[in-house]
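Generate the whole structure from the sequences, applying the supplied hints.
Counting from 1, one number per residue, gives the positions in the sequence shown under our numbering.
Please note that the accuracy of each hint is not assured.
[Said to hold, decoys possible] Derived lysine-lysine pairs resembling DSBU-like cross-links, with alpha carbons at most 35 Å apart: (1) Lys-146 - Lys-44; (2) Lys-146 - Lys-207; (3) Lys-90 - Lys-146.
None of these hints come from the bench; they were simulated from the model.
Remember, it's a predicted structure, so these values are computed and weren't measured experimentally.
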Amino acid sequence: MINNLFNKFYFLINNNIIFIMARVFSLLFYLKIFQNIKINYFTKIIIIYLLSSLLIPFISVYKNNFCTIDFFLIFLNQIFIGIVLGFLIKNVLFGLFFIGEIFSLQIGLSSLNFFYFDKNTYSLIFSNLFSIFFLFTFFICNMHLKLLVLLIHSFEIYPLNNFIFYKKIFFYIVNFLNIIFFQSVSFILPILFFFLILYITYIFINKLIPKVSFFSSFMIIVFFFGMFILKYFFYNFYLFNKILMNVFLNYFKKNIIKKFYISLKY
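Printed below as a string of structure tokens:
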């Protein structure tokens, strides 16, 4: 079947399409976008091919034979680049799950989660809610178009005819991960300090009135305070999502694309 499809659509395939498809496929595969969509492999290949065809006018032409070692090395390099891009984007989503887990733990709802029968895994409800809000902000801010532009700019850093990997990218990736991590922590710190003050107040009240047990009512108080904070939290979550995505795009544009483009130029 694959041989028949290859012979039928051979005139539509060239070196550029194969390299672009390798980068796009590895990016989407690492983000597990196609793994969560139940469609057949032929449809996935068609989608990747159509998306790669849109990128061809923005990418320089590379001509080489299919049966050369350079072609194989460049093909592997495109897969590696797609995995790196997917890794950076995935860490932005990891910040949301990190916030959801901390918040669920603080208000005593760490056991409140969903169970996925097909994957045999658990997922916190608040992490899923934050992901939904992030996806909502993602499309409102046209981030799907900005990520497409980001994918196009990635070919300026790593053109199709280059398979030399620079060591500096590891330092930029580590710095980027630090930014995402500290952005998530700084956003959740006010909630952590609030619950810390609440716990300290509970300890003092328990010492002042030792005969009265506040243990049974304290968890209910924490839960209601958590719901009140969650209302304020969701109100400001849209602004946090915009900041998080703008930090990702601006850092990638200024510190990765610009510096690596200059290093390739000189």
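For this session: With a cut-off of 35 Å on the C-alpha distance, tell me whether Lys-146 and Lys-44 pass.
Result: 22 Å, holds
For this session: Measure nothing beyond the straight line between the CA atoms of Lys-90 and Lys-146; if it is 35 Å or shorter, mark the hint as holding.
Result: Holds, at about 16 Å.
Problem set entry | Holds or violated: Lys-146 to Lys-207, with C-alpha atoms at most 35 Å apart | Distance of about 56 Å is beyond 35 Å: violated.
When held up to the earlier numbered hints, the structure conflicts with hint 2 and nothing else.
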